[in-house]
Amino acid sequence: MDLVNLSLGNGAAIALLGYCVVFLGIVMLMLVVMLLCRIMIANQKKEAAKAAASAPAEAPIVVVPAPASLAPGTAGDLKLYDTDPKDAAMIMAIVADTLGKPLNELRFISIKEVKD
Amino acid sequence: MDIIGTLQKLAMESGFAAFFMAGGWKNAVMILIAFVLLYLGIVKKFEPLLLCGIAFGCLLANLSYFISQGGTNAMYHPELWEAFLDANSPYYHSYGHIMANAGLLDFFYIGVKAGIYPSLIFMGVGAMTDFGPLLSNPKSLLLGAAAQFGVFVAFFGALLLGFNGKEAASIGIIGGADGPTAIYLTTKLAPHLLGPIAIAAYSYMALIPMIQPPLMKLCTTEEMRKVKMEQTREVSKKEKIIFPIVVASFVILLLPSTAPLIGCLMLGNLFRETGVTDRLSDTAQNALMNIVTIFLATSVGATMVGDNFLQIQTLFIIVLGLIAFSISTVGGLAGGVIMYYASGKKINPLIGSAGVSAVPMAARVSQDVGRRYNKTNFLLMHAMGPNVAGVIGSAIAAGFLLSVFG
Chain R
1 MDLVNLSLGN GAAIALLGYC VVFLGIVMLM LVVMLLCRIM IANQKKEAAK
51 AAASAPAEAP IVVVPAPASL APGTAGDLKL YDTDPKDAAM IMAIVADTLG
101 KPLNELRFIS IKEVKD
Chain U
1 MDIIGTLQKL AMESGFAAFF MAGGWKNAVM ILIAFVLLYL GIVKKFEPLL
51 LCGIAFGCLL ANLSYFISQG GTNAMYHPEL WEAFLDANSP YYHSYGHIMA
101 NAGLLDFFYI GVKAGIYPSL IFMGVGAMTD FGPLLSNPKS LLLGAAAQFG
151 VFVAFFGALL LGFNGKEAAS IGIIGGADGP TAIYLTTKLA PHLLGPIAIA
201 AYSYMALIPM IQPPLMKLCT TEEMRKVKME QTREVSKKEK IIFPIVVASF
251 VILLLPSTAP LIGCLMLGNL FRETGVTDRL SDTAQNALMN IVTIFLATSV
301 GATMVGDNFL QIQTLFIIVL GLIAFSISTV GGLAGGVIMY YASGKKINPL
351 IGSAGVSAVP MAARVSQDVG RRYNKTNFLL MHAMGPNVAG VIGSAIAAGF
401 LLSVFG
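Those protein sequences? They're chains R and U, same order as listed. At position 21 of the first sequence the residue is numbered 21 (the working numbering), and the sequence of numbers has no breaks. At position 361 of the second sequence the residue is numbered 361 (the working numbering), and the sequence of numbers has no breaks.
What the hints contain is simulated information worked out from the structure, not anything from laboratory work. Quantities reported herein were computed from a predicted structural model and do not represent experimental measurements. Keep in mind that a hint or two might mislead.
[What the hints assert, rightly or not] Under the rule of at most 20 Å between Cα atoms (straight-line distance), these lysine to any residue pairs were calculated in the SDA-like manner:
id, chain 1, residue 1, chain 2, residue 2
1, U, K346, U, S236
2, U, K237, R, I94
3, R, K45, U, K346
4, U, K375, U, E223
5, U, K375, R, K45
6, R, K46, U, M229
7, U, K139, U, M229
8, U, K238, R, I41
9, U, K238, R, Q44
[Stated by the list, open to error] In silico contact screen, one side only, chain U against chain R (beta carbon under 8 Å); selected entries:
id, residue
10, Q231
11, L310
12, Q311
[Said to hold, decoys possible] Heads up, incomplete: computed chain U residues facing chain R, CB under 10 Å, no partners named:
id, residue
13, I110
14, L254
15, A259
16, S326
17, Y373
18, A389
19, I396
Every residue gets a Cβ at the ideal spot worked out from N, C-alpha and C, and that includes glycine.
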C-alpha cells in the first residue's frame, strides 16, 4: 500500500482502523484501571477491617473543652471534618463570592467532606 | 565623499527596499499576519501564552529573512530544513549542517524537530493534572476515546481535498484538541505544514467556549443537560501513585510510538503524586513549562514564512481543523448520550464534550453549560475525567498515525 499517495478506499480503511485501535486501546486501559481500582479498594477494606478489629471495644471518651471566651468580632469556632484548612478557606471564599456577601458577614459553623 | 551614493547604498541594503524584490510581498503579508496574531493574543486573549510567542516568532523570522534574503542575518532558514528533510540532499538529517549555518530560531527549532518540546510540555501537563476524577470513574475514559472521532473524519476529509497520507494525518490530529500532540505529529510527518496546523490547533482550543456550547445544545435534550451527577468516590494516594506507572507501562507496550508523549505525561504526573518529588513537580509545572513554551512558540512561529504559509492549503487546513474539532466534540457528546442511557440516566452527557483534550478549558465549558440548565449542578470534576482521558486518547491516536505513516 502506498501510504503517501493514499487512495480514498485505503484512507477510509486506515481511518476506521485507527478509530477502532484508539477505542480498543482505551477500553483495555479502562479495564486495567478498573482492575487496579478494585484491588486498591479491596486492600483498603481489608486494612480498615484489621484496624477496626484491633481497636478497643469501647470508643474512647472524648473530652469536650469548655468554650473559651470569644474574641471581639469573632463568629465563633469553625469545625472542620476531614477538610484541610486551606480547602475550607477556599470553600468559604467561593460561597461568599457566589452569595455576593462579604466573608465577615457570614457565619460558617462546620465544613464536612461528604463521602460515598 | 559621495553622500548621495552612500545614502542610496544604505537604502538599497535596508529591509524596506526588499519590499520591492521578487517575492518580497509574501514576507510583508506574513508580517501583517504576525501583527493580527499579536492582536488576537494580547487584546482578545486567545491562548496568549502561546499565540504571543508564535506571532513574534513569525515576525522575527519574516523580518530577518526579509532583510537578509536568507543570508547570515536571518534568524530562521527554511532552506536549511528543506535540505535536512530531502533524502537526495548531502545534508539529509545532518544536524551538523544546520548548526554550522543556523540562526537563533533554527537552534530553537531543533527542539521541535527532535520532539523535545512537545514531550516536555506533556511532562508539565502531567505534573499539573489530577487523574483522581478519572480513577474515581474509569468509564469516563470511553468518552476520551469517543471524542477522537473528528481526528479520523478530518484525516479522510484531508485525503478528499488532495493532501497526501502524511499531511492528512497531521491535519486530522487537530481534532484531538491537543497542541503539543499536533505539533509532535506534524513535525514527524509533515513539517512544512507545522505553522498552519499549530495556529489552527491553538486557535480552536482558544475558541472552545464559542464552538462547543451550540453543539452541546444540538446533541442533547434539556432533560439530559439537567442531570445532576453523584459525587465521585475518594481516590487514595496509593492509587494515584500507581496509576501513572501502570498507564505508561500499558500504553507504551500497546503502542510504542506513544512513548515520548505518554512517558513524559506520566512521569510528570508521578512527580506530582509521589509526595517526595515536590521540587521536581513544581519545576515541571512552572519553570520548565514556561521555558519550553517560549522556545516552542517562537520556533513554531518561525516556520510561518511566506512561501510555506501563503498557500490555498493553509485555508483548507483551517477549515478542516474546525471540522475536526467540531466532529470530535460531537463524537464525545454522542458517547455521553450513550452513557446517559446505559447508566439509567445518571450520567450527564455534557461531560462528553470534555473528551476533546484541551485541559481544563473543555471541562470548564461542560460545567458552565451544565449550570445554565441546573443551578445546583457541578459537573467540573466529572468532566475532568473525560478531559484527561482525551489527552491519553489523542496521544494514542497520534501514536497510531505515527506507526502507520512514520
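Hint validity - I396 of chain U Cβ closer than 10 Å to any chain R Cβ: I396 of chain U check passes; min Cβ-Cβ to chain R is 5 Å, inside 10 Å.
Pair hint K346 of chain U and S236 of chain U, alpha-carbon separation not exceeding 20 Å: Not OK: K346 of chain U and S236 of chain U at ~24 Å, beyond 20 Å, violated.
Restraint check for K238 of chain U with I41 of chain R, where alpha carbons must lie at most 20 Å apart: 10 Å, holds
Given pair status - M229 of chain U, K139 of chain U, alpha carbons within 20 Å: 14 Å, holds
20 Å limit on alpha-carbon distance, applied to hinted pair K45 of chain R and K346 of chain U: 26 Å, violated
Hinted pair K237 of chain U and I94 of chain R, Cα distance within 20 Å: Distance ~26 Å between K237 of chain U and I94 of chain R Cα, so the pair is violated.
Proposed interface contact between Y373 of chain U and chain R, which counts if any beta carbon pair is under 10 Å: With a closest approach of 18 Å, the Y373 of chain U hint is violated.
Satisfaction of the A259 of chain U interface hint, Cβ to chain R closer than 10 Å: This interface hint is violated because 14 Å lies over the 10 Å limit.
Given pair status - Q44 of chain R, K238 of chain U, alpha carbons within 20 Å: 10 Å, holds
Evaluation of the interface hint that places Q231 of chain U against chain R, nearest CB under 8 Å: Holds, about 6 Å.
20 Å Cα cutoff - pair K375 of chain U, E223 of chain U: 14 Å, holds
Interface hint for I110 of chain U, Cβ within 10 Å of any Cβ on chain R: Interface hint status for I110 of chain U: violated (25 Å vs cutoff 10 Å).
Checked against the numbered hints given earlier, the structure breaks hints 1, 2, 3, 5, 6, 11, 12, 13, 15, 16, 17 and satisfies all the rest.
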